[in-house]
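These are the residues of each chain, in order.
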Amino acid sequence: MRIPKETKQKIFRDIVVSLFLYALPVILMFLSFYITGKKPWLNQGKKNTVIIMNH
Amino acid sequence: MIKIIESIFQNLSVWGLPVLIIIVGIFEFIFGLYDKKTWTRNEIYLDITCFVIPRIVIQPMIIFFSLKLLPLVLPGLKNEFAWVPFGWAFFIIAVADDLTQYWYHRLHHQVPFLWRFHRTHHSAPYMGMSMASRQNVLYTIFFSQIYLTAALVYLGLGYAALFVTGIKSLITLAAHSSIPWDKPFYKYRILHPIAWVLERLISTPATHQAHHADTHGDGVGNYKGNFGNMFFIWDIIFKTGIITRKYPQSFGIKHYKQEEWYAQFAWPFFKSKKPGSELAANGPMVGDEIPE
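Residue numbers (this note's numbering), protein chains in the order written: chain V, 1 to 55; chain W, 1 to 292.
Same shape as in the complex, but just chain V (with noise of 0.2 Å):
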């Protein structure tokens, strides 16, 4: 059994789209460092935890 044709264009398409949600926040952030001249990696702090499962 086959994906059809326009499904599978419409993946591609969106999967085209996410990448750049997926960099948005990134980008988003860095703009902000340089509108604000912060540069938080300057004074590294270490944090950790756990995760969890979600459906």
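All clues stand as given, with none of them false.
In the DSBU-like style, the derived pairs of lysine-lysine whose C-alpha atoms are separated by at most 35 Å in a straight line are:
1. W:K257 x W:K271
2. V:K39 x W:K3
3. V:K5 x W:K271
4. W:K254 x W:K271
5. W:K257 x V:K8
6. W:K68 x W:K271
7. V:K5 x W:K254
Keep in mind the hints are simulated off the structure, nothing from the lab.
Fit chain W to the supplied structure of chain V, relying on the hints for placement.
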């Protein structure tokens, strides 16, 4: 105050969530939201297996392997990005985790080969806490967003991950509940603006129950869409969702054959003996594509 919130989410991630599921589940049962005709012994065995086994076996296994594997895959990068401010870390993980799950979920519906790994979640002819964790074992093991979030935790975004995963669990569980908590937002005119934002931003019982409906294209059910888990906004962006503010009359899959609980949990290791089942040896890949 921050310490209290932090401790709530820490407890939620360890024991709080399973306890919450049990408590809400008991309330659903008391209010008669589980129909004895559909919640059969076979369904109960399956629901309990899917609730218990991943929590005591699979989840610790995944975390253990992630902790062992990540230093090998990303050497020297442990806590390298711990400098990322909390708000941004929260935003990064929320998008990365939930968008990945959106795709994992959507592909299991749109790629015929993957459907049978996700079908167990949809075979439940009811909504509620009892079916919220109901998944095939392989679907659970390969939950892609878990590995991505584990990698982000390793890189130093663990503190924000605690809150994102906690909030996400609460939203997804509430969306699976048979208690329509979103109903007042549609009923009272004054709450309509909040409803408009809410139903586009996060999964609600109305939008997620539509995904679990056994119908499609009737103006309520949309099992070929509404894939969002925490955020519904992905369905808006990719035009895979519908918002109707209505609740389906029936749930599950039309061609459900009440397959054995062990076959639903551990297919393809165990096959169903039901003739014509998607989970039987030589069964169809997608049952609803076969004419009745």
